[in-house]
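*Asks:* Protein chains in written order, with my numbering: chain A, 1 to 295; chain B, 1 to 202.
None of these hints come from the bench; they were simulated from the model. Any given hint might turn out to be false.
[Unchecked claim] In silico lysine to any residue, SDA-like type, Cα no more than 25 Å apart, as pairs:
1. 19(B) <-> 130(A)
2. 57(B) <-> 96(A)
3. 19(B) <-> 93(A)
4. 19(B) <-> 76(B)
5. 84(B) <-> 90(A)
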Amino acid sequence: MNNEELDSQLSAMFDDELPAAECELLARRLARDDGLKARWGRYAVIGACIRMERGAQAVMLSSAARVADGHAGASSGERRPHGDLASRVSRLVADEPLLAGAGFKGVGERLANSAVSRWWQPLAGGAVVAAGVAAAAILWLRARSPDAPIVGQTQIIAETGNLPRALPNARTVVSAALPSGGAAGMARDVSDSVGSPADADSYVVPAAVSPAPFAPPLELANFVVAHSEYSMPLLRRSALSALVADGLTGGDTGADAADTAQSAASAESSAAADSGHAAGSSSRTLDASYAHYAH
Amino acid sequence: MPADSSDLSLVRRVQRGDKGAFDALVLKYQHKVVKLVMRYVRNPAEAEDVAQEAFIKAYRALPQFRGESAFYTWLYRIAINTAKNAVVSRDRSPVEFELDAQNPDEFYDMQGRLKDSETPEGLVLTDEIRSTVNSAIDALPEDLRTAIVLRELEGLSYEEIAAAMGCPVGTVRSRIFRAREAIDRRLREVFEGGLGRAEELG
């Protein structure tokens, strides 16, 4: 595009008579080209002179002159009592923060992007926050020793010794783990339903034992008891019966307890898998489980 | 063609962070804004300060400009409010006047008032520019002069000018451009020489 064509476009743009597509391109160039900007400013001066805008003209023409010669006097330190409004505004705007920076939507883009097209933004923000919280929780848990109990967590351990049928000996031990106590947490005997009241509030310090052989079966048994309320009544009974049977046979060793709990868990899972099957199928599974638990 | 499309193009650029585009808007409208503000404040220096404040306010408010009205209409409201606030804050009553080229007495009276607050160098430059533009317009061929005057003085669109002059719109565009170029050539000479003369006076 030659200069004459460019200047012709500039003249038409000044009058708002240039097609919008060409305006976009020329506006981009105008914003960066000081020579073009100076010409644009002189067009404004010409219009002001023709319209006899005397009041404005008296103030502005000297600044227009400076614009016209490419801010020649700006660096010479000359002081003009009036005028140079455009240069002053330009300097002040340069000190202003960017309106939007990258990603700011202009008039047309903002109108085009309705709220519907941005429906995912709040969800994405929530997902980011949730992911951050989850990551922090995982890192925090991993940072802790595998032996160390989680601070503040109350672990319910159901001793598999006796259950309702043997209520006199049944008891539930709630161990409140200490933050730095390792495996030797402080155990509190809180519910001794048939024991003496004096024992109910007694604290005992369990012997330090390696958690590896003991904790898994207890945890598994605890898992079974805790989750049995969500299983089918028949299966819950089977699981509890298995635990009772295991206790009666003296099988409270780690291996037996683990076997018991795993079997109960497998029964529960198989029940879940077979829940849609016929009753006969379920009863066969139950029978098999009973057979297994009864050894 | 949508009205105000050139202003909207510049506004969009400013909204995207291109501050240079705002310079073009200021250059285009500074005369009108100062003229408008001078209805409320007494002297040109104060009018310039108020106009500057209005432009800065407009820049800061541009993210809220949605293009539902013409940019100048929006800027006009900001300038009016800024001028009114300036008057209130300085405890002055607004002075309303209109420069009317059809009323020579008022025009020359206003000229006298403005001269009191202007410096000799500014006046020399201003008068020289005005006379240069007027003589350049007089020297234009009739069709160019008619086109530029209808545009700048009467505010007609290219289509209206084409209808008035009985020629295509493209011809109107070309005539107005050639008229501006002819005036601009003379104006540039004055700017170069005028600055030098102004410094001599200083």
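*Asks:* With reference to the structure, classify each hint as holding or not holding.
*Replies:* Verification of the hints:
Between residue 19(B) and residue 130(A) the alpha-carbon distance is near 39 Å, which puts this suggested pair outside the 25 Å criterion. Taken as a hint, the residue 57(B) and residue 96(A) pair is honoured in the structure, with Cα atoms around 11 Å apart against an allowance of 25 Å. With a CA separation close to 7 Å, the supplied pair residue 19(B) and residue 93(A) stays within the 25 Å bound. Between residue 19(B) and residue 76(B) the alpha-carbon distance is near 20 Å, which keeps this suggested pair within the 25 Å criterion.
For the hint pairing residue 84(B) with residue 90(A), the CA-to-CA distance comes to about 24 Å; that is within 25 Å, so the pair holds.
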